[in-house]
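In our numbering, each residue's number is its place in the sequence shown (first place is 1) plus 372.
Everything labelled a hint here was simulated from the structure, so no lab data went into it. Please note that a few of the clues may not be correct.
Claimed, not checked - List of simulated lysine-lysine pairs, DSBU-like, C-alpha gap at most 30 Å:
1) LYS532 / LYS384
2) LYS395 / LYS532
3) LYS489 / LYS532
4) LYS384 / LYS489
5) LYS395 / LYS384
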Amino acid sequence: MTEEQSQPRVIKRPESWQPRDEKRYAAWLHELDAWTEYWDIYHPESHGHFYFGDGAQEPGLLTKFLPREQRPPAFTAWTQMALSVGDRDSFSCEIAIPEVSSAIMEVDALVGRLFEKYFGNACDPVVQDDYLEAMFRCAVDSLPPASERDSRIADNDWRKATAGRHMIDNDLMWFAWALHLEAAHLLAGRDQDHGRRALQLAGVATGCSANFAWRGNRRTRSEYHRDEGTVELLRQRGISWASDFDACAEEIHALFRIREWGHE
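Generate the whole structure from the sequences, applying the supplied hints.
Written out as structure tokens, the structure reads:
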């Protein structure tokens with residue numbers, strides 16, 4: 373670790389920060405999507421660099437480790453690790469390939485900048501609760517509509533079905549986000565962004581569970597139901613996981629096994 377890395381950054385909450393601010397939650401998700409899925413509308417100059425490319429000269433960073441037209445070795449290694457038919461060493465080897473590791477860390481840097489912009493210090497307990505609330509609201513589709521974006525998407529565009537909402541409704545996307553966070557953690561270790569990655573991983577674990585329980589599109593733990601008891605249970609577990617990256621990763625692996633097999 374360099375001397376610069378050993379010095380903690382002083383990160384304040386954004387000046388406009390208010391807890392339980394659904395407009396800020398929507399803005400966070402909107403900007404993430406603006407650089408990725410909707411790059412052609414909001415950042416055409418990027419040519420899909422933070423997504424799967426532009427189908428021409430820009431291949432896109434996500435092609436290195438997430439599935440679309442093919443399943444990259446890094447993705448296969450993660451699924452095998454999660455299903456307990458592979459191990460962490462195999463996953464580590466795949467993400468250590470220079471072009472893969474650089475893609476992972478460049479995406480991580482973008483996500484880190486946006487997280488700081490909309491939430492602030494991930495080690496602040498109030499921010500932790502706030503972020504988990506944001507991901508819960510995303511998961512259960514209770515954020516304000518993305519009306520402006522929806523108006524810019526043609527009816528025959530495959531993105532039209534979800535363009536008007538700030539949510540993740542493709543169940544595999546939750547696990548893709550977990551893969552990226554686990555990979556960045558393995559590559560960077562407990563650096564100055566560790567707290568943010570741990571909190572975001574906790575957001576995946578709780579958001580995925582809430583999405584599956586509320587939307588019913590995949591199987592999740594039997595104790596999760598569409599009720600206030602589950603809201604409180606996920607909040608408590610999320611706060612605990614935010615300070616234990618490894619335990620949170622194991623939970624997500626268990627959720628993936630339940631998704632695949634119906635049990636752990």
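Evaluation of the provided hints:
1. LYS532 / LYS384: 36 Å, violated
2. LYS395 / LYS532: Holds, at about 22 Å.
3. LYS489 / LYS532: 28 Å, holds
4. LYS384 / LYS489: Answer holds: LYS384 to LYS489 is near 10 Å, not above 30 Å.
5. LYS395 / LYS384: Holds: LYS395 and LYS384 sit about 19 Å apart, inside 30 Å.
The structure fails to meet hint 1 from the earlier list, while all remaining hints are met.
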